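Chain by chain, the residues:
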Amino acid sequence: MPRMTMIEAIRSAMDVAMGRDDDVVVFGEDVGYFGGVFRCTQGLQQKYGRTRCFDTPISELGIVGTAIGMAAYGLRPCVEVQFADYVYPAYDQIVSEAARIRYRSNGQFTCPIVIRMPTGGGIFGGQTHSQSPEALFTHVSGLKVVVPSNPRDAKGLLIAAIEDPDPVIFLEPKRLYNGPFDGHHERPVTPWSKHELGEVPDGHFTVPLGKAEIRREGTALTVLAYGTMVYVAEAAAAETGIDAEIIDMRTLLPLDLDTIVASVSKTGRCVVVHEATLTSGYGAELAALVQEHCFYHLEAPVARVAGWDTPYPHAQEWDYFPGPTRVGEAMIETMEA
Amino acid sequence: MASDKRLSLHVPEPEVRPGDQPDFSEVKIPKAGSVDRPPVDVDARDIRDLAYSIIRVLNRQGEAVGPWSGTLTDEELAEGLRHMMLLRAFDARMLMAQRQGKTSFYMQHMGEEAVSCAFRKALAPGDMNFPTYRQAGLLIAGGYPMVEMMNQIYSNEADPLKGRQLPIMYSSKEHGFFSISGNLGTQFVQAVGWAMASAIKNDTRIAAGWIGDGSTAESDFHAALVFASTYRAPVVLNIVNNQWAISTFQGIARGGSGTFAARGLGFGIPALRVDGNDYLAVHAVAKWAVERARRNLGPTLVEYVTYRVGAHSTSDDPSAYRPKTESDAWPLGDPVIRLKNHLIKRGLWSDERHKQAEAEILDSVIAAQKEAEKHGTLHSGGRPSPRDMFEGVYETMPPHLRRQRQKAGV
Chain A
1 MPRMTMIEAI RSAMDVAMGR DDDVVVFGED VGYFGGVFRC TQGLQQKYGR TRCFDTPISE
61 LGIVGTAIGM AAYGLRPCVE VQFADYVYPA YDQIVSEAAR IRYRSNGQFT CPIVIRMPTG
121 GGIFGGQTHS QSPEALFTHV SGLKVVVPSN PRDAKGLLIA AIEDPDPVIF LEPKRLYNGP
181 FDGHHERPVT PWSKHELGEV PDGHFTVPLG KAEIRREGTA LTVLAYGTMV YVAEAAAAET
241 GIDAEIIDMR TLLPLDLDTI VASVSKTGRC VVVHEATLTS GYGAELAALV QEHCFYHLEA
301 PVARVAGWDT PYPHAQEWDY FPGPTRVGEA MIETMEA
Chain B
338 MASDKRLSLH VPEPEVRPGD QPDFSEVKIP KAGSVDRPPV DVDARDIRDL AYSIIRVLNR
398 QGEAVGPWSG TLTDEELAEG LRHMMLLRAF DARMLMAQRQ GKTSFYMQHM GEEAVSCAFR
458 KALAPGDMNF PTYRQAGLLI AGGYPMVEMM NQIYSNEADP LKGRQLPIMY SSKEHGFFSI
518 SGNLGTQFVQ AVGWAMASAI KNDTRIAAGW IGDGSTAESD FHAALVFAST YRAPVVLNIV
578 NNQWAISTFQ GIARGGSGTF AARGLGFGIP ALRVDGNDYL AVHAVAKWAV ERARRNLGPT
638 LVEYVTYRVG AHSTSDDPSA YRPKTESDAW PLGDPVIRLK NHLIKRGLWS DERHKQAEAE
698 ILDSVIAAQK EAEKHGTLHS GGRPSPRDMF EGVYETMPPH LRRQRQKAGV
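For the protein sequence lines, the chains are A and B, in the order given. Under this note's numbering, think of the first position of the first sequence as 1, with each following residue one higher. Under this note's numbering, think of the first position of the second sequence as 338, with each following residue one higher.
Keep in mind that the hints were calculated from the coordinates and are not lab data. Source: prediction; values computed, not measured. In this text, a Cβ means the ideal position worked out from N, Cα and C, and glycines have one as well. Each hint can be trusted.
Not everything, but these chain A residues come out facing chain B in the computed CB check (under 7 Å):
no. : residue
1   : THR66
2   : ARG102
3   : ASN106
4   : PHE109
What follows is a list of derived Cβ distance ranges for each label pair:
no. : chain 1 : residue 1 : chain 2 : residue 2 : range
5   : A       : ASP202    : B       : ARG382    : 50 to 58 Å
6   : B       : LEU699    : A       : GLY74     : 34 to 42 Å
7   : B       : ARG385    : A       : ASP21     : 38 to 46 Å
8   : B       : SER556    : A       : GLU213    : 36 to 44 Å
9   : B       : ARG742    : A       : GLY74     : 28 to 36 Å
10  : A       : HIS297    : B       : SER584    : 56 to 64 Å
11  : B       : VAL353    : A       : GLY49     : 53 to 61 Å
12  : A       : SER193    : B       : GLY593    : 54 to 62 Å
Taking lysine-lysine and the DSSO-like style, the derived pairs with C-alpha atoms no more than 30 Å apart in a straight line are:
no. : chain 1 : residue 1 : chain 2 : residue 2
13  : B       : LYS744    : A       : LYS211
14  : A       : LYS266    : B       : LYS744
15  : A       : LYS47     : B       : LYS538
Let's have the full structure, built from the sequences with the hints guiding it.
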């Protein structure tokens, strides 16, 4: 099986989708000739032509707004917003339009679009290249929200997202593009070529939306994570010696409650982790669901480890980032509670 | 040395307010027939003057004159009059129904009927409109059943949109009418996207976007013009300038640009202004713009100069922000009366036939209303099931919505 980086896997997903369906079009800022600032669309314009993969003006509103119109026509646009931090000009189009069109037109018009965007920190990107805005989308009925954590899932989930009949926000943790990152920024990065999840099938396959995956089985405590934090949690488990069960949520909306409930009912303890800021973050939803559905199995309060409630800083990146030390401390506290 | 002159902020204000004499001396009205009709493949730079003029066909004597006349047959003109009369009668009945508590909200077209009714006749089957809330003439002139419109307005058990949308936010894919949002401006750029898709697929269908004078201030308007210009999308971009954005006069959105149409010039998009109360002129300009799009010549920006005679919606009172008699002073007259007078002048119509038609149309609206009310009104009779509230959020209902629906017990 070929080994791919997450960038190559995402590119392969779009290649497969465009090859199978002429209605799939790909566009965004720097996406066409150059192939995207992270090179996710490299070669697609050469292969499929300028009318199926093209550069756009710098207007996220325009990118998403035209994609919605194209979807109403019958195409399946998969568009790129260069950084998740840039998506806000398109927010009205996403929330008031993409998410609502099926509902308000009673299915006469639908919106099968994918909005890809690099998310998260760890690259010294400062506050405009590091944000994790997933909770702004998981709060919106009508959207699906996906965060892959490895090349295999990224490809399978992206193909599933492109084939999905409803709008999907596809958040790509940019710190994972070239290799799994466990928060130990001082250590060299393991490339995906040396990781089993860097093995990605050629051709078409899907990873279903709405299904979590248990990344590490354990009995002592459940960690709910997604994206980069999956590897941070793995490092924290290894370093604390706690037999944690680590669940990679993969899809945040709709979420896989059954997998969460089964795990927490077994372990009786739960730590929720994400890079995004704490207050009203996606972790609040996870913590609420765990107490609603697993309260009588819980032996400790549900803990949350998240980014501090500050803008994402530049020089203080590693003071901000919820790395393995903070996650490990929360795991120990939850075990001792 | 520092200047002792302090800065001051300019806040535009209309010429008149309640209690003042209406004054439209600022609205320069060219003579009917005086504006050239360029070929559709004209370079935008060569017709910059059209963004500052007003294309008119019907003169004050009711005659159709000049190079933009002659796009409609006698039968089509008679049909156009009937559509506008029908829309006006429909509005009157639904406005009354709202006052009777049969629905929560209504928006009427009084004075603007020609814009959407005539535009619709320039389109071909399969073309798609991305309308705002004051283009129901697209549906009326497109043959969409009145009963369906009323079912939607009443949010009753037969509402094609299952009670999910505010009254008059219609949607009919079959009739080339995209779902109305209610958030202003959003649909303008979507129209461009739809048109781009049609071009990507080497189709022959074109799109039409709609926006009001006030909403041209939204970023969506700018994005739509950028994308339409860049990709030469086969789209007609329509600005309905009815002078008022709820209580805000059009000068607040227009600023120093002279006209709304002129906003297209910087994008290299041919921009035309047309007398929006002249059915013949609206149709002629729409036909010109539609032909440009169809021939892959790219987008056209059209400003319809008209006047919103009624309130913005059933939720505001215009006498609080403009003179009560302002609509009488509007220099472009009433679209229904102008087309009626033209047909009479041509010997194709008469006052008697007009009165008779009015009565027949009212009967047909009342009959449709009776039919719709059999299916209920907002607060009485048949209504959409609460179960419908949970349907259609996604194609397949996800588990969390299933749980919530169970909890709601519906």
